[in-house]
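Heads up: the sequence lines are chains A and B, in that order. In this text, residue positions in the first sequence follow our numbering: the first is 730, and each later residue adds one. In this text, residue positions in the second sequence follow our numbering: the first is 4, and each later residue adds one.
Honestly, the hints are just simulated from the structure, not real lab data. You may find that some hints are simply not true.
Under 10 Å between C-beta atoms, here's a sample of chain B residues computed to sit facing chain A [stated by the list, open to error]: (1) Q9; (2) E18; (3) F21; (4) A30; (5) Q41; (6) L49; (7) F65; (8) H77; (9) E79; (10) G81; (11) A94; (12) F106; (13) G107; (14) S111.
Every residue, glycine too, gets a C-beta built ideally from N, C-alpha and C.
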Amino acid sequence: EAGVVQSPRYKIIEKKQPVAFWCNPISGHNTLYWYLQNLGQGPELLIRYENEEAVDDSQLPKDRFSAERLKGVDSTLKIQPAELGDSAVYLCASSLDFTGARTGELFFGEGSRLTVL
Amino acid sequence: GDSVTQMEGPVTLSEEAFLTINCTYTATGYPSLFWYVQYPGEGLQLLLKATKADDKGSNKGFEATYRKETTSFHLEKGSVQVSDSAVYFCALGSKTSYDKVIFGPGTSLSVIP
């Protein structure tokens with residue numbers, strides 16, 4: 730069974746440029762998460778989707794970040810414009826349903842590493 | 004708010020040494036507790052879990068016990084191998100307004116032959 734797929738793996742851009750990350754969750758997983766991982770720190774939740782609905786986006790900086798999950802499958806996370814402080818790894822994870830936080834059954838992709846120059 | 008603290012790394016051990024990585028948490032109510040592992044070049048994966056007080060999670064020779072009295076969930080392994088070299092994250096399943104997993108900062112472990 731294929732795992733969570735993310736692309737691109739690496740992205741280098743100049744500040745003020747836009748960037749987008751794509752995530753394909755495990756087939757049948759209704760819940761999708763985007764996490765931000767700064768160097769030397771643990772992942773921090775940006776947004777969680779239940780199917781197409783964003784049910785927790787309280788930590789998403791909405792002035793420059795946006796996300797969508799059309800048709801409740803793939804998801805895209807966008808930053809526009811990017812700032813130097815956005816350099817980090819952006820992780821996507823999926824779980825069968827909302828109980829992922831109680832069971833710990835979150836499945837992570839390998840992440841997209843962003844460098845903003 | 005809910006949070007997780009774990010011992011700072013990096014930790015370097017010789018093969019077959021005993022491993023302990025300390026983890027403590029602050030949370031409302033009684034969260035589920037997890038250890039995740041991230042091997043080089045791979046995504047995070049769940050290593051073990053415990054969902055209530057005094058539960059012991061175990062997997063691949065690793066163990067951790069949910070201690071409500073000390074709000075701790077320390078990770079242990081009796082004899083580490085080179086293949087255990089990875090970053091280990093303690094985490095909790097928060098039961099505040101939105102269910103979510105909150106991670107500690109991670110502890111890097113290197114095991115040398």
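We went through each hint and held it up to the structure:
{"no.": "1", "hint": "Q9", "in the structure": "holds (9 Å)"}
{"no.": "2", "hint": "E18", "in the structure": "violated (26 Å)"}
{"no.": "3", "hint": "F21", "in the structure": "violated (24 Å)"}
{"no.": "4", "hint": "A30", "in the structure": "violated (12 Å)"}
{"no.": "5", "hint": "Q41", "in the structure": "holds (8 Å)"}
{"no.": "6", "hint": "L49", "in the structure": "holds (5 Å)"}
{"no.": "7", "hint": "F65", "in the structure": "violated (14 Å)"}
{"no.": "8", "hint": "H77", "in the structure": "violated (17 Å)"}
{"no.": "9", "hint": "E79", "in the structure": "violated (18 Å)"}
{"no.": "10", "hint": "G81", "in the structure": "violated (23 Å)"}
{"no.": "11", "hint": "A94", "in the structure": "holds (7 Å)"}
{"no.": "12", "hint": "F106", "in the structure": "holds (3 Å)"}
{"no.": "13", "hint": "G107", "in the structure": "holds (5 Å)"}
{"no.": "14", "hint": "S111", "in the structure": "holds (9 Å)"}
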